[in-house]
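Trainee: Using the sequences and the hints, build the whole thing.
For the sequence shown, this note's numbering gives the first residue as 8, with consecutive numbering after it.
Among the hints, erroneous ones may be present.
Just the calculated beta-carbon pair ranges, DEER-fashion [what the hints assert, rightly or not]: (1) Ala-884 - Val-361: 27 to 35 Å; (2) Glu-782 - Leu-513: 54 to 62 Å; (3) Ala-844 - Arg-535: 48 to 56 Å; (4) Arg-281 - Ala-1007: 52 to 60 Å; (5) Pro-781 - Asp-150: 56 to 64 Å; (6) Ala-844 - Leu-164: 38 to 46 Å.
These are calculated hints, taken from the structure and not from any lab test.
Using N, Cα and C, we set each Cβ at its ideal position, and we do this for glycine too.
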Amino acid sequence: MRFSILGETLARHDDGTEVPLGGPARRALLTLLLVRPREVVAAERLADELAPDGTMSAHALQSQVSRLRATLGPAVIERAGAGYRAAVDPEDVDAGRFERLAREGRAALAADDPVRAVELLRGALELWRGPALADLAHLTEGDTARAATVRLEELRLGALEDRIEAELRLGGHRDAVAELRELTGRHPLRERLAALLIRALAAEGGQAEALAAYEETRGRLADELGSDPSAELVALHRELLEFDPSPAQVRPPAQLTSFVGRSDEVAEVAGMLRVARLVTLVGPGGVGKTRLSVEAAGAAADDVCFVELASLREGAGLPGAVLAALGLRENGLQLGGGGQGPLERLATALADRVLLLVLDNCEHLAEEAAALAGRLLAVCPRLRILATSREPLSVIGEHLWQVRPLDDAAAVRLFTERASAVRRGFTAAPGPGAGRAPGPVERICAALDNLPLAIELAAARLRTMDVEDLAQRLDDRLGLAAARANRGADERHRTLRAVVAWSWDLLSAQEQRAARRFTVFPAGATARAALEVCRAGGAGGPGPGAPEAEVLEAEVLESLVDKSLLELTGGRLRMLETIRAYGAERLVEAGEAASTGGAHARYVLELARAAEPHLRGAAQLEWLERMASGHGDLQAALGWAVGEGRWETALELLAAASAYLWIRGVSGSVAALAAAVLDAVGDAPPAGLGEEFVACVLLAAAGPGGLAAWRRHRERAGRLLAAAWAQDGTDGTGGTGGTGGRYPVLLLVWMMRNATEADPLDAFALVSAQRGRPEPWVRAVAAYVSGFGPLGADDPAGAERDFAEAAEGFRAAGDRWGTALVLDALAGMAGARGDRAGAVALTDEALALTERLGALEDSADLLVNRADQLVDGDPAAARADYARAAALARRAGGSAALAAARRGLGDLALRDGDPAEARRLYEEALERIDPHWVKSAGSRVRALAGLGRVAESYGDRPAARARYAEAAVSAAAVVGGTTPQALRLLGLPQDVIEVVAAHAP
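Mentor: Structure (structure tokens):
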């Protein structure tokens, strides 16, 4: 039998039929008993609750109980001492099920599993049919009834808040706003609801509305309660005020422990950085180079960007790693790079910037790091670099700082401090005096060569070991360092390795298994990811038949943290590179490298597959961040698949991650691996992986040498993509297809990549033919691409209809990427028909989206477009937009956007009667534009036309005609002609169209 008290009290048989419960008194009695199933409620208390005026006698209560038992069965309500109880399982009462589901939902939310949380919490809330304990509503004087009702309603509201928070994490901001407004209206003093509303408004781009909601809440709290907002709300308000749409650069990692024994060195290194532009901290592993670099960077007055290189395996990826650490993209949302590689983009971004760039762990990339440092320092005069390495970079002007072990006193202090963290009250014995042998701590530090990492590993062992025992074990393992002063870097490195090996040998078998398998994570992992991969890393993987030792629990990871083999920072577990290198050797030795690498690759693949649809929807921002936090894992999984020859896995990884790679602007980071896959599979991808092959070709083409791969495989990739999105049931590789393809983003990227080719019509036909597909996002892409057909045929009204349909589709999907692209096109259409106000409004909307995506270069482009619309009516506003666009473009390292801003400023200088300044700006713009990139073609034509007008202002008609003719040739090379309709494809204003068309050769 099942019971319901979340609303009117009901009882149902297992077949769902309702049991008649009788009048209000019996319903109220049953409700009171069901509030706490299996708990005895005194008969006197029941009588007082049911009749506060004292009119219910013991006999009358017994009569009501007897009637309920006759209805429900004698086993449901039992007599127990001086009271009664409902002998039912709490799971048979809806309130019990609700509390369990709500509890599990909150736990899932805390474990960062919002999908599971939403499922559980919705299930919990669906159990409610009305107010809690509705049949006790008339018993206003009963303490039990009142307390139980308040408690359940509070739990209900908490579950509702948890569900909304989980939905916000999944991107459901738009749908949540209306519900949150209604809830805050009913509960105006509930701060968590207010915080959720503020976050939902801010996530939808309503900064002003979010700030207004905060002020409203603050005022209400002050007026009605005389209190200030909570710390959470204050922090949220500060976050809104400090909101910066651009991606944050990586700062030096926060340190969990105090810094011991090197304060003088920090000051000296910081002083060296004031006079030298390249300082390298050199020393053996474990000596403290990274920690010293962090502390020295903290003492510097400059802005600091920290680049961790230990997990980077290929030197070719070094410029991209620095770009990522700076929070910069390799390309804009329209995917072209304007002829810039990552190194050129870095040089542009840092050309005028005051920055201290910390390159940590350079030794395995010393040659590439030296080349990068030399190039950047040569072209970025305000840049300084602090590097850490086991060997010098050997760059001209490099200043070296030899990082040595701690002195004896500092080593003892470090050991004592770390030991006291694991053994309360620990103190070291007094230092050696005349005639006294060294104490155990001095002996330990001496045996460890005073190396900080070795000392920290040893100190962590005092949790389970006496200091004398620890000293003796280290003496036996390492020998006392009597001649320590004569040891060189190699000997000290061997000491550290021996300490790591000793610490490793003290681990249990489970701990060793988890530690060695964890090494497949190049830059750390969440506990959930680590458990999943480490459990599956054995040869047989996890399962019901796995031996007990294979079942790794979270406590094993916690134990590794306690023993300093892992660190927990920012919610992620991380293993120091020295320990990781040793653990990786043990992984190979155990014969688990292939199985654990495979488990890691499967985990990354499943995450990428789960992310793909969200990356085209309302949860785009959250999933972009989630994928970005595991970018190193993606590269490691691809590297493993390529190294093991698992070409199917590599192709699947590239395709599943392609949406993230393109939208985030980091496609170049996997270009070399994609090229390696193409070299292996040639033009014959495995059956059923035609689309995956297309993704591989597009990603390989994104690299510095990608043009050759593109030329070689373009035709085959085009056939495979057409087959995947055809209706004939095949995919072109021998597998089945025709269902509309698995990776819709490839359609848009394929069109963008082919737009610069001499024969883009096949790509245009393929993508525009998808307008009948069931998925809204695919239809929006098809409409967007279709719009360029009527635009080229001089049918602006038809183009605008297609673009408007695309905008509606992208908006409905919640995709900021696609919406920004099509709004830009619509703004151009509005401007072309003279609707300047409409063009500005559309551009403003697109700007809000590109800012949310951190696409600085695209934001700069849009600012230039807005300024072009404003320049006639409000030249001051136009000047401000051009200047801001130039600043954003410089920050992003985008030469093309910077050139466009320079061109706009040149136009203003010419209007202001300063042809010399205009010529300088136009020429600077032309120097930065790639003449072969279609996205920059309009800027190039306008700059050349501007130089023609400058020549005219000086009375030099031949020079003016030559510049106008050059502009016409440049335009024709991109759009195939100089007719007015062809020139409109470049977004040129009417006066430029006329002068260019008049001077066509």
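Trainee: Please go over all the hints and tell whether each is borne out by the structure.
Mentor: Hint check:
1. Ala-884 - Val-361: 27 to 35 Å: The hinted range 27 to 35 Å holds for Ala-884 and Val-361, with Cβ atoms some 29 Å apart.
2. Glu-782 - Leu-513: 54 to 62 Å: Given about 55 Å between the Cβ atoms, the range holds.
3. Ala-844 - Arg-535: 48 to 56 Å: holds (50 Å)
4. Arg-281 - Ala-1007: 52 to 60 Å: Given a distance of about 58 Å, which is inside 52 to 60 Å, the answer is holds.
5. Pro-781 - Asp-150: 56 to 64 Å: holds (58 Å)
6. Ala-844 - Leu-164: 38 to 46 Å: holds (45 Å)
Of the numbered hints listed earlier, not one is contradicted by the structure.
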